[in-house]
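Engineer: Chains as they are written, first to last, in our numbering: chain A, 1 to 337; chain B, 1 to 337; chain C, 1 to 337; chain D, 1 to 337.
Treat the hints with caution; some may be incorrect.
Which copy? The list can't say, so a pair holds if one copy fits it or any two copies do.
Straight-line Cα separation of at most 27 Å, BS3-like style, residue types lysine-lysine; simulated pairs [as the list claims (entries may be wrong)]:
(1) K70 - K32
(2) K32 - K84
(3) K154 - K32
(4) K93 - K154
(5) K199 - K32
(6) K154 - K50
(7) K93 - K148
(8) K32 - K50
(9) K154 - K70
(10) K327 - K259
(11) K32 - K93
(12) K93 - K327
(13) K32 - K327
(14) K148 - K327
(15) K202 - K259
(16) K152 - K70
(17) K154 - K259
(18) K50 - K118
(19) K152 - K50
(20) K199 - K50
Derived from the structure by calculation, the hints contain no laboratory data.
No experiment lies behind these values; they were computed from the predicted model shown.
There are 4 protein chains.
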Amino acid sequence: MIIIMESCATDADVQHVVERIRELGFTAHLSKGVERTIIGIIGDERLFKKEQFSLLPRVENVIPILKPYKLTSRDFQSNDSIIKVNGVDIGGKNIVVIAGPCSVESEEQLMFTAEAVKASGAKLLRGGAYKPRTSPYAFQGLGENGLKLLLKVKERTGLGIVTEVMEANEVELVAEYADMLQVGARNMQNTNLLRAISKLQKPVLLKRNFSATLNEFLMSAEYILSGGNHQVILCERGIRTFVDYTRNTLDLNIIPAVKQLSHLPIIVDPSHGTGRHDLIIPMSRAAIAAGADGLIVEVHPNPPEAFSDGEQSLTPINFQQLMNEIKLVAQAVGRSI
Amino acid sequence: MIIIMESCATDADVQHVVERIRELGFTAHLSKGVERTIIGIIGDERLFKKEQFSLLPRVENVIPILKPYKLTSRDFQSNDSIIKVNGVDIGGKNIVVIAGPCSVESEEQLMFTAEAVKASGAKLLRGGAYKPRTSPYAFQGLGENGLKLLLKVKERTGLGIVTEVMEANEVELVAEYADMLQVGARNMQNTNLLRAISKLQKPVLLKRNFSATLNEFLMSAEYILSGGNHQVILCERGIRTFVDYTRNTLDLNIIPAVKQLSHLPIIVDPSHGTGRHDLIIPMSRAAIAAGADGLIVEVHPNPPEAFSDGEQSLTPINFQQLMNEIKLVAQAVGRSI
Amino acid sequence: MIIIMESCATDADVQHVVERIRELGFTAHLSKGVERTIIGIIGDERLFKKEQFSLLPRVENVIPILKPYKLTSRDFQSNDSIIKVNGVDIGGKNIVVIAGPCSVESEEQLMFTAEAVKASGAKLLRGGAYKPRTSPYAFQGLGENGLKLLLKVKERTGLGIVTEVMEANEVELVAEYADMLQVGARNMQNTNLLRAISKLQKPVLLKRNFSATLNEFLMSAEYILSGGNHQVILCERGIRTFVDYTRNTLDLNIIPAVKQLSHLPIIVDPSHGTGRHDLIIPMSRAAIAAGADGLIVEVHPNPPEAFSDGEQSLTPINFQQLMNEIKLVAQAVGRSI
Amino acid sequence: MIIIMESCATDADVQHVVERIRELGFTAHLSKGVERTIIGIIGDERLFKKEQFSLLPRVENVIPILKPYKLTSRDFQSNDSIIKVNGVDIGGKNIVVIAGPCSVESEEQLMFTAEAVKASGAKLLRGGAYKPRTSPYAFQGLGENGLKLLLKVKERTGLGIVTEVMEANEVELVAEYADMLQVGARNMQNTNLLRAISKLQKPVLLKRNFSATLNEFLMSAEYILSGGNHQVILCERGIRTFVDYTRNTLDLNIIPAVKQLSHLPIIVDPSHGTGRHDLIIPMSRAAIAAGADGLIVEVHPNPPEAFSDGEQSLTPINFQQLMNEIKLVAQAVGRSI
């Protein structure tokens, strides 16, 4: 950590900071510049708090040097993590597509969709049984009955299940059915939930909150890794900006940015990321071209009558089109589907 | 709801939409303009979904007319709600200041702070026992022991307790100690938590998420009101923008905007809203001048050594200064403290 | 345009609005719903202003129906515009790459770069002679001498010149040298400049301002088209968001969104869009995959010593790598380079 | 400037950076931490560019220590600047209100408004003769005729004139009429315009661009001061965020933030800042309470028929109400109007 003193700081002010550093058991390293004196702290900066120095007299600024995350970083593990979900590898050369309806609505709806997306090349099935909705008057999901339908469809199709868990005390129940637990964007910083999930040995799909910085996103992953569960897959699903032609602004820049800093796989959700069914295919092609390890896409047999997210769902026919197009892009970037 | 057809829509396209409206049991109202045909739907638009029409052929746009919230709106209740918390009215002529440390750290710290803020005019005590932290390596709160300390201090000082609850299954426990339950910004859309709280008859301080629109904020309040608990106080605490000189951008514009649309009281958290102890006093004055019904402020006896949020905490002396200054502003806008 | 009355509006309030509409020479169309009365105005809504109605008593909201732009829209011209720049078509099946240094620094630097990018497949040369810099102490460009160097290099390499013009009264001078005039992001709404350019018959590269909505972006294009110059190429170069790992947030979503609404070509600037040389290649691949008609990329023989934008410039070797990679992606999406 | 090396940097990598620093004539200062080596550069960091080091091998990050602005900063001048405009001091104990129509439309409109706002206590008159409009089809201002009307009204009322100049080559003309030149938000980084204005000895109202950081805002002021014109008044007028209930998000936090870093006065434009006439009064009270040195407010005799900005204009009666209310707030914060 580096402490920058104000231009008007006296030797006594500097000495005061240096003593405080020593009191805490660290070494201070002084550097007098032309306009500012700078003090480096030698030692693990995760062991003290910025404000222990920023609030001392005549301190202008305190700048951390190290990343706040550890297990999540490439410094800790240099090679890419590959996570196995129901026999499917995520994070390797193959690009994995997860597809299915926003909400589980009925056995017919789910079975029909699952068979269609499987035929087109999806490797895992998504479907929400517990739904976090903006409105209390909207459909809130089928709950455990939805999970049972997912299992039934898995038994028939062989597709592993990806489904959301919304609360720490539901983790155990959902984990009985799911092959990968999804943490939704609204729960990215639900620390009780992250801690509960960290105790399992089960893959987790961690969605980025609409307003999460990269540090915050990786720190949420760190909650799960630091509890003992290293099977985390990140998911970009759009950030909140001033833009009004998409529901969110799908931020593909985070893909190569994450790849540099972390060994975790990252996939993209173009359905939530854009909120527009007509942008899903071009933005899926772009996600693969940017280096994403996979996609999670909403597909519904009859989008106008979907219980939720109809405007951002593909029909099975459009999903087939999506798969055709991204296969070519995947090859162009040296990957396969 | 209003449906705008594309310029190239034929009579058959329009007829198709009209028939769909009738099938659903509503009345269609046609208006042919020079460049576009517009179809109004007569009936309660909360009973159908936008995509039932937006995904029909040649539909350009579907525009809702009604607000999505009902109980929260001024249409439903025109006079201001006044919520009583441990004998203190929030939402009336008096401005209420809630103060205390970010985290409950020890009996001494809490008692000292409580007595100081009470002496300066605070009417309620804040203090976190359960803390949602960005880092898994940071202090996570004292839990129930923190709640017990809050109660002890309440018994001595008479100050009602405002404290955060982070999860549906902790609501009952926290409600035994708290006079007002706080829903943190990260949990504003934790629907299980909102529903659990909606079953109590206890005041709730609902903090705005950093990226919540006004509709989303009021819809979260609607979750609580629609479950039967009408004692909701809104709290602005900063939004996420590109700005880098504050931790968040405290958005005072929402105060008069909310006052027009809703009958609920709204207070301001200048500590989280700015993240800078040196901006708390001017922005508190501004909040009162903009029409806020109160403040919630972090105060710590020794900010550099606070377990959390030291950089945005006032010392007791600065808090006294804050109270002196906002008293004058309150009078200037016809209110009192 | 649609006028929504407040729920408490009386018949007299509605009548007042209707009479105002008639006074202005338009036809009113009334629709009484269960909770709100709605009034449609039949006539060209570009002929009156929203506030002529929004400020009348008991008007809750006024909603425009038509897009504010006309010549720029697909309603006006359904097939894609193809713009020819020094013999190179932009907007057709071929993807065009424009490359060169941020600033023209010297003949050697420019010639070396031009020959390198031409050898790798660039079709046009970029280079700034007039530079809008954030700091008054930074290099401000070589001015007309820079233009002369660009021309010299064009004569040798045959590469057409793309260069920025910053002010209305410099348009004529810059247009003597340039094959395509660039309007920078900071000047997207410099209306004098747009008007001056609209009088020429010369291609224009119009860069999106960091905080421009889609409507604002297309309205700036409309300034140029409505003045008589239809040769406009749009350019996405990043928007300002809370994100801190890129200088701007390159918003590829705008590519398919623009393609639906407008017939104009759109290219992408991954150098400014990300601000990071190490993200240029993956985001360029993504831009092509999303449907962009081209790229504009900064290339410098020695980025650490560039007079400007070194951190977001590719070396000639990396540019060759970029071209190799995007050629494959272009083929995958049915285009060529 | 501080250079942070990657964890994998070797002694040779460090040595390479150190040599580069020496070559450039500066002194390097080494600090080896547990996980990272840090190199400080002793010397004026404004004399080299960040990328001269950030692009060297194994450099992880380069952090500037000094602010990029100099003349604008409190380090350069510690006491508040007071700027005199037509005999009125801005930046002292008195709060100054500038009022008038968005656009100059006619002599009657301007004279009526000027007399009304003067009677209510406005000290300077605003009015646009050159208007930067989003749409090419909207009213673009009366040009020099508008300036002549402003002068006529000044002669009658004695109110000094504040009016916008949009281009470098119009500066001389507009300066003949204006007592204070306004640089609009869209032109905050129009460097030719800033330089032209910097050569005058005339007050300048510099409006913050909707997406300007504090550094960028002060750097634009620095352009003017560094050219020799020290009479700059800053103006906050709203930033672009995801918020949809205001046209922009008026960011009052910048007032106390600027006051710490700069000696320049800062005023607030609640008309553009909110875009809603019904929010102008509460946000004006808040601006004064936050420490603003003045306001600039749009007033029109008949807002629904204003040529521009009717929705954010006060009537003369509402303006009188504004003045009554802010007088009380000004007193509460120890100032006068």
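Engineer: For each hint, tell me whether it holds in the structure or not.
Structural biologist: Now for the hints, and whether the structure bears them out:
no., hint, result
1, K70 - K32, "between (32 Å within a copy, 20 Å between copies)"
2, K32 - K84, "neither (53 Å within a copy, 40 Å between copies)"
3, K154 - K32, "neither (66 Å within a copy, 50 Å between copies)"
4, K93 - K154, "within (25 Å within a copy, 43 Å between copies)"
5, K199 - K32, "neither (48 Å within a copy, 37 Å between copies)"
6, K154 - K50, "neither (50 Å within a copy, 32 Å between copies)"
7, K93 - K148, "neither (32 Å within a copy, 49 Å between copies)"
8, K32 - K50, "both (21 Å within a copy, 20 Å between copies)"
9, K154 - K70, "neither (36 Å within a copy, 41 Å between copies)"
10, K327 - K259, "both (22 Å within a copy, 23 Å between copies)"
11, K32 - K93, "neither (51 Å within a copy, 39 Å between copies)"
12, K93 - K327, "both (13 Å within a copy, 21 Å between copies)"
13, K32 - K327, "neither (58 Å within a copy, 45 Å between copies)"
14, K148 - K327, "neither (32 Å within a copy, 47 Å between copies)"
15, K202 - K259, "within (22 Å within a copy, 42 Å between copies)"
16, K152 - K70, "neither (40 Å within a copy, 39 Å between copies)"
17, K154 - K259, "neither (32 Å within a copy, 39 Å between copies)"
18, K50 - K118, "neither (51 Å within a copy, 29 Å between copies)"
19, K152 - K50, "neither (52 Å within a copy, 31 Å between copies)"
20, K199 - K50, "neither (30 Å within a copy, 41 Å between copies)"
Violated hints, listed in ascending order, are 2, 3, 5, 6, 7, 9, 11, 13, 14, 16, 17, 18, 19, 20; each of the other numbered hints is respected by the structure.
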